[in-house]
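Asks: Sequence:
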Amino acid sequence: MTPSWRKPVGMLAILTLILVWCIVIVSFSNVIGGWHWIAQLVFYVVTGIVWITPLKPLLRWMETGNSR
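Under the working numbering, the residue at position 4 of the sequence shown is numbered 4, and the numbers go up by one with no gaps.
Source of the hints: derived by calculation from the structure; they are not laboratory data.
Note that the coordinates shown come from a computational prediction; the quantities given were computed from them, not determined experimentally.
Hints may contain errors.
[To be verified] Simulated DEER-style distance windows between Cβ atoms:
no.: 1; residue 1: Gly-34; residue 2: Pro-8; range: 39 to 49 Å
no.: 2; residue 1: Lys-56; residue 2: Phe-28; range: 19 to 29 Å
no.: 3; residue 1: Phe-43; residue 2: Leu-19; range: 13 to 23 Å
no.: 4; residue 1: Thr-64; residue 2: Val-24; range: 22 to 32 Å
no.: 5; residue 1: Val-24; residue 2: Trp-61; range: 39 to 49 Å
no.: 6; residue 1: Ile-49; residue 2: Ser-29; range: 11 to 21 Å
no.: 7; residue 1: Ile-52; residue 2: Ser-27; range: 30 to 40 Å
no.: 8; residue 1: His-36; residue 2: Ser-4; range: 15 to 25 Å
no.: 9; residue 1: Val-9; residue 2: Ile-38; range: 23 to 33 Å
[Stated by the list, open to error] Here are the simulated SDA-like cross-link-like pairs (lysine to any residue), alpha carbons at most 25 Å apart as the crow flies:
no.: 10; residue 1: Lys-56; residue 2: Trp-5
no.: 11; residue 1: Lys-7; residue 2: Thr-53
no.: 12; residue 1: Lys-7; residue 2: Leu-58
no.: 13; residue 1: Lys-7; residue 2: Val-45
no.: 14; residue 1: Lys-7; residue 2: Val-50
no.: 15; residue 1: Lys-56; residue 2: Val-9
no.: 16; residue 1: Lys-7; residue 2: Pro-54
no.: 17; residue 1: Lys-7; residue 2: Glu-63
no.: 18; residue 1: Lys-56; residue 2: Asn-30
no.: 19; residue 1: Lys-7; residue 2: Met-62
no.: 20; residue 1: Lys-56; residue 2: Val-45
no.: 21; residue 1: Lys-56; residue 2: Val-42
no.: 22; residue 1: Lys-7; residue 2: Val-20
no.: 23; residue 1: Lys-7; residue 2: Ile-52
no.: 24; residue 1: Lys-56; residue 2: Tyr-44
no.: 25; residue 1: Lys-56; residue 2: Arg-6
no.: 26; residue 1: Lys-7; residue 2: Leu-17
no.: 27; residue 1: Lys-7; residue 2: Trp-21
no.: 28; residue 1: Lys-56; residue 2: Trp-21
Beta carbons: idealized from backbone N, C-alpha and C, even for Gly.
Using the sequences and the hints, build the whole thing.
Replies: So this is what it looks like as structure tokens:
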């Protein structure tokens, strides 16, 4: 059985997604820092969960080779 190239590529895609998502969220920190602490909490909890959404098809592609 030959090793699949999809797993290393998928891993790099996941790391890139995390890096880009962090940069985007941190770029809003000046604006968000002026919000009430509860609004900040809600924002960071939601954005902390939303980045997971594109992982399901990516992980499926890494395992099976198709994204459906």
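Asks: Does each hint fit the structure? Answer for all of them.
Replies: Against the structure, the hints come out as follows:
A C-beta distance of roughly 42 Å is found between Gly-34 and Pro-8, which places it inside the suggested range of 39 to 49 Å. At roughly 25 Å, the beta-carbon separation of Lys-56 and Phe-28 lies within the given 19 to 29 Å, and the hint holds. At about 20 Å, the CB distance of Phe-43 to Leu-19 agrees with the hint of 13 to 23 Å. Checked against the hint of 22 to 32 Å, the pair Thr-64 and Val-24 passes, with Cβ atoms roughly 29 Å apart.
With their beta carbons about 23 Å apart, Val-24 and Trp-61 fall outside the hinted range of 39 to 49 Å. Under the hint 11 to 21 Å, the C-beta atoms of Ile-49 and Ser-29, about 18 Å apart, fit the expected range. The hinted range of 30 to 40 Å is not satisfied by Ile-52 and Ser-27, whose Cβ atoms lie roughly 20 Å apart. The supplied range of 15 to 25 Å is broken by His-36 and Ser-4, whose beta-carbon atoms lie about 48 Å from each other.
Under the hint 23 to 33 Å, the C-beta atoms of Val-9 and Ile-38, about 40 Å apart, miss the expected range. With a C-alpha separation of about 18 Å, the suggested pair Lys-56 and Trp-5 falls inside the 25 Å cut-off, and the hint holds. The straight-line distance between the Cα atoms of Lys-7 and Thr-53 is roughly 18 Å, inside the 25 Å bound, and the hint therefore holds. Of the pairs offered as hints, the one joining Lys-7 and Leu-58 holds, with about 10 Å between alpha carbons and a cut-off of 25 Å not exceeded.
With a CA separation close to 28 Å, the supplied pair Lys-7 and Val-45 exceeds the 25 Å bound. Annotation: proposed proximity of Lys-7 to Val-50 holds, straight-line Cα distance about 22 Å (limit 25 Å). Proposed proximity of Lys-56 and Val-9 is supported: the alpha carbons are some 15 Å apart, at most 25 Å. A threshold of 25 Å between alpha carbons decides the hint, and for Lys-7 with Pro-54 the separation of about 16 Å falls inside it, so the pair holds.
Of the supplied pair hints, the one linking Lys-7 and Glu-63 holds, its CA atoms being roughly 7 Å apart against a limit of 25 Å. Note on Lys-56 and Asn-30: the hinted pairing is violated, with a Cα-Cα distance of about 31 Å set against a maximum of 25 Å. Of the pairs offered as hints, the one joining Lys-7 and Met-62 holds, with about 5 Å between alpha carbons and a cut-off of 25 Å not exceeded. Between the alpha carbons of Lys-56 and Val-45 the distance comes to roughly 19 Å, so the proposed pair stays at or under 25 Å and holds.
Distance restraint check for Lys-56 and Val-42: the Cα-Cα separation of roughly 23 Å lies within the 25 Å cut-off, and the hinted pair is therefore satisfied. At most 25 Å may separate the alpha-carbon atoms for a hinted pair to count; Lys-7 and Val-20 meet this at roughly 20 Å. Taken as a hint, the Lys-7 and Ile-52 pair is honoured in the structure, with Cα atoms around 17 Å apart against an allowance of 25 Å. A C-alpha spacing of about 21 Å is found between Lys-56 and Tyr-44, which places the hinted pair at or below 25 Å, so the restraint holds.
The straight-line distance between the Cα atoms of Lys-56 and Arg-6 is roughly 14 Å, inside the 25 Å bound, and the hint therefore holds. About 15 Å separates the Cα atoms of Lys-7 and Leu-17, which keeps this hinted pair within 25 Å; it holds. Distance restraint check for Lys-7 and Trp-21: the Cα-Cα separation of roughly 21 Å lies within the 25 Å cut-off, and the hinted pair is therefore satisfied. Taken as a hint, the Lys-56 and Trp-21 pair is honoured in the structure, with Cα atoms around 16 Å apart against an allowance of 25 Å.
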